[in-house]
Amino acid sequence: MQVRTLAAIVAGKAAGAGSRLLGRGGGTAVAGLVAERIDPGVVRRLSAQAGHGAIAVTGTNGKTTTALMLSRIAREAGLVPLHNRSGSNLMRGVAALFVREASLGGRIADAARRLAILEVDEATLPLIVPAVRPRAVVFTNLFRDQLDRYGEVDAVAQAWERALADAPADATLVLNADDPGVAHLGGRARGRVLYYGVDDTGAAVAGDEHASDFRTCLRCGAELAYGATFYGHIGHWRCDACGNRRPAPDVRITRVEQGEETMALTIAAPAGELRVTLPLAGLYNAYNALAAAAGAIALGIAAPPIVAALDGFSAAFGRQERFRVDGREVRVLLGKNPTGLNQVLRTIAAREGRKRLLFFLNDGIADGRDVSWIWDADYELAQPLAEWVLAAGTRAEDLALRLKYAGFGGDVPVERDARAAVRRAIAETPAGGTLYVVPTYTAMLEVRELLARRDGSARHFWEDA
Amino acid sequence: MSAPALRVAHLYPRLMNIYGDRGNIMCLRHRCEARGIGFELTDLSTGDRLDPAAFDLIFAGGAQDREQRAVADDLLATKAEAIREAVERDVVLLAVCGAYQLFGRSYRESTGVELPGAGIFDLRTEHPGAGAKRCIGNIVANWRAPDGTTRTIVGFENHGGRTRLGPGARPLARVRRGFGNNGEDRTEGAIYRNAIGTYVHGSLLPKNPALADHLIATALRRRHGEVALAPIDDRAELRAHEAALRLR
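Residue numbers (numbering that gives the first Met the number 0), protein chains in the order written: chain P, 0 to 464; chain R, 0 to 247.
Just so you know, not all the hints are guaranteed correct.
Now the in silico label distances, taken between C-beta atoms and shown as ranges [what the hints assert, rightly or not]:
{"hint": "1", "chain 1": "P", "residue 1": "310", "chain 2": "R", "residue 2": "111", "range": "54 to 62 Å"}
{"hint": "2", "chain 1": "P", "residue 1": "240", "chain 2": "R", "residue 2": "53", "range": "25 to 33 Å"}
{"hint": "3", "chain 1": "R", "residue 1": "37", "chain 2": "P", "residue 2": "205", "range": "25 to 33 Å"}
{"hint": "4", "chain 1": "P", "residue 1": "423", "chain 2": "R", "residue 2": "216", "range": "35 to 43 Å"}
{"hint": "5", "chain 1": "R", "residue 1": "128", "chain 2": "P", "residue 2": "242", "range": "33 to 41 Å"}
{"hint": "6", "chain 1": "R", "residue 1": "111", "chain 2": "P", "residue 2": "205", "range": "40 to 48 Å"}
{"hint": "7", "chain 1": "P", "residue 1": "242", "chain 2": "R", "residue 2": "48", "range": "22 to 30 Å"}
{"hint": "8", "chain 1": "P", "residue 1": "189", "chain 2": "R", "residue 2": "128", "range": "26 to 34 Å"}
{"hint": "9", "chain 1": "P", "residue 1": "102", "chain 2": "R", "residue 2": "111", "range": "51 to 59 Å"}
{"hint": "10", "chain 1": "R", "residue 1": "13", "chain 2": "P", "residue 2": "365", "range": "23 to 31 Å"}
{"hint": "11", "chain 1": "P", "residue 1": "274", "chain 2": "R", "residue 2": "182", "range": "52 to 60 Å"}
{"hint": "12", "chain 1": "R", "residue 1": "241", "chain 2": "P", "residue 2": "274", "range": "50 to 58 Å"}
{"hint": "13", "chain 1": "P", "residue 1": "43", "chain 2": "R", "residue 2": "167", "range": "57 to 65 Å"}
No lab work stands behind these hints: they were computed from the structure. All C-beta atoms, glycine included, are put in the ideal place defined by N, C-alpha and C.
Construct all of the structure, not just a fragment, from the sequences and the given hints.
Below you can see the structure in the form of structure tokens.
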């Protein structure tokens, strides 16, 4: 181990500990930032110790849940995951993970059984891939998200192509066949490609959704046609002009049965059939489970640990998480871009009874400063079942206006302060009742912190690793 | 005279919809229907021809580069001439962001390639190169309303191209905060006859109800004469507008 790397580990650990002592969050970012500054090769050198290598998960929606599922699968398979679980998915977050797990002598404990499972920000993939040289890269989907930060969807697609040019020649690409923006990457693969997709057209929605980012064929530019649409531009797509079409998936869901709290999935894989009862609702979570299963299969993990981990799965941080507060159930469902929000609204709407809804719209850097995306999301889906609604967050007034157009009325109450909004919403929820909270990313962090304090059973997210 | 109805053409609704542009259509519909004014919407996509006599208002929004290239070819081939004719007949046109650029005389890409525009507005747009900073952020601009008062337009802008107006177009508004057309001369948007182009999205019309009503009244005037737009409940609209004035 180089002296420089050891110095980076010591300084990173000290910075992380200092930040935690000062109460500035988990110190995840600062530890990585400091370590990388001292040794830009720290991630490359430490990640190389993982005996089972690394798998990266990226995409617009679902990467946190998919990576967490993969981590649970790895555990079931007898591996010890190295996992950046708290959504620290930039280079500094990955660096912090390895610095935390390394000894002062630069050794990762139990290295032979280690598998690095890295959730990676879409735009950061070109930096992570050459550093960790993953055995497999899982791509979930590609939708518009934070256009002010990432630029256009096409800019992300180009970043991914650059990343793949630097991937090891034997790395497996695990691609969503149903997303034309992801499936397209198959043409850039140098190694093996494993496609996954949903075959069961019974899960399709009627017509197409407004929030769709790939209307045209990436090969010839003609407008795409769909045999079935599952959500957004995810579906059985084809180009009638040039013959480009959804690749036949290698790992596929042949049957989805959606319930209020669970989904029964039948997954056909090259090695046989997997039957999973996933304790999550919403078709987007079926895709997350499918992506995780395909990722595990790409690493050579057998079916039994995959099924066991998915059957026993509990929600990732802020994604369909449940809290108990003063005898009320509070469900937090992250909704941070049009497609993700539509899926969340469909999931809420599918549940019985009238709903109390607390929507948050923040415009922090991590949310995207531009809130125009709310006009591309279908808040109308939730309106028929709403009993009470509150618009909260730093852009609560924009949200209230959007909700007016969705049929919630012209006098939707507004509350910018997160604490006041949560207090008010809980007061509006009768004992024994359920409150649905749909926050953007930074609002989710605030809300979760507030609810965890009142719930008593939840932990701070940086303790969640 | 027939009962008033606003006939709207939405150009390329599937291909040009990047920054919540459908909010503008939702707003026009709401503000007509709340007053008992009919609202007839026609979506026009690639290959469709536009009848310059069939519409009171034409709307087009922003697109990603890839979609914008597909649209640009079709626009010149099947619609540009009809739109020019409609604008000369004082039909209202609202072009936001990508459409605003396409409706100018030309657009020079970051690679230096110059693409012809539809030539509705006397303006040229140049992308200063791939390394140049995009104009991104909240924007507030002063707009002189037809009643002579100065009002604000609020929203968000996100564009790489810098637009400069020629003598045949005048600016829509003067930038108070943000970049506007080019980040230098403080102009935002363009007006030619009843055609308005702007970089402001957010969506533009829902939180700028005075501008929305101006477009509706102007569009109805041609066929129906002066149509009085009764006041409607704008509390949520004005609350969002006021909040946007305070954003950094």
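Results for each hint:
1. 310(P) x 111(R): 54 to 62 Å: 57 Å, holds
2. 240(P) x 53(R): 25 to 33 Å: 29 Å, holds
3. 37(R) x 205(P): 25 to 33 Å: 27 Å, holds
4. 423(P) x 216(R): 35 to 43 Å: Holds, since residue 423(P) and residue 216(R) (Cβ atoms, about 40 Å apart) stay within the stated range.
5. 128(R) x 242(P): 33 to 41 Å: 36 Å, holds
6. 111(R) x 205(P): 40 to 48 Å: Given about 46 Å between the Cβ atoms, the range holds.
7. 242(P) x 48(R): 22 to 30 Å: Taking Cβ atoms as reference, residue 242(P) and residue 48(R) lie about 28 Å apart, which means the hint holds.
8. 189(P) x 128(R): 26 to 34 Å: Distance hint for residue 189(P), residue 128(R) holds at roughly 31 Å.
9. 102(P) x 111(R): 51 to 59 Å: For residue 111(R) against residue 102(P), whose Cβ atoms are near 54 Å apart, the range 51 to 59 Å holds.
10. 13(R) x 365(P): 23 to 31 Å: 30 Å, holds
11. 274(P) x 182(R): 52 to 60 Å: Distance hint for residue 274(P), residue 182(R) holds at roughly 58 Å.
12. 241(R) x 274(P): 50 to 58 Å: About 55 Å separates the Cβ atoms of residue 241(R) and residue 274(P), which means 50 to 58 Å holds.
13. 43(P) x 167(R): 57 to 65 Å: 58 Å, holds
The structure agrees with every numbered hint stated previously.
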